[in-house]
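Residues 477 to 694 in my numbering are what the sequence shown spells out, letter by letter.
Take every hint as true, because none was put in to throw you off.
Okay, derived cross-link-like pairs now, DSS-like style, lysine-lysine, Cα gap no bigger than 27 Å in a straight line:
{"no.": "1", "residue 1": "K542", "residue 2": "K506"}
{"no.": "2", "residue 1": "K627", "residue 2": "K691"}
{"no.": "3", "residue 1": "K542", "residue 2": "K686"}
{"no.": "4", "residue 1": "K686", "residue 2": "K627"}
{"no.": "5", "residue 1": "K506", "residue 2": "K691"}
{"no.": "6", "residue 1": "K506", "residue 2": "K686"}
{"no.": "7", "residue 1": "K627", "residue 2": "K506"}
For the record, the hints were derived by calculation from the structure and aren't laboratory data.
Predicted model, so just to flag it, every value in this text is computed and none were measured.
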Amino acid sequence: MVSDEPLPSDDDEATVLEARVETAGVRLDKALAEVFPTLSRARLQALLAEGVVTFEGEPVSSGSAKARIGLYAVALPPVAPATPQPEAIPLTVLHEDADLIVIDKPAGMAAHPAPGNETGTLVNALLAHCGDSLSGIGGVARPGIVHRLDKDTSGVMVAAKTDRAHAGLSALFATHDIERTYIALTRGAPGPARGRIETLIGRSSSDRKKMAVLKSGG
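All chains, full assembly: derive it from the sequences and hints.
See below:
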């Protein structure tokens, strides 16, 4: 049985994930990425190096080692709360009033701080532009943010400057009452010119950091 649901741990500040590997002989980091779908392969390699991964209770540390059949556990260290700092990053402001600000986010800019993207994010830029007026509902790491847009995707983002605006905008996004239009590049000439695509989306099996179309699950 495979499960990557958090389990109680001796350390109240740690989260322990357990899962059973049923295939031997493949690289350990690859095998663990299959049974711990919430963790990327790169993240698992770092956790192995930190010595927080065990096999049947014994520490394992090499991602290139061969996986063995049995129970693996990962003790996730507590996430340190991010405290983003204001950064004077130029913004393309499409609209701004007392309640909200609308930004044309460029590709390559993350929306909010995360491991590997602690600076240079839209939140850092908004803190410098708006000062203390951003809504705090999103938490320390995500002030004002009410929806997501991938780092490598350019497009319009809305940030709330008041708690009332944050609540209202979040409700609109949750009920899909805000219409969004996406522009994409295609190879060849797809036909027909108009249509509807319905499919399953989930983590890519070849790159856990990316999303992909799936045949099942998702």
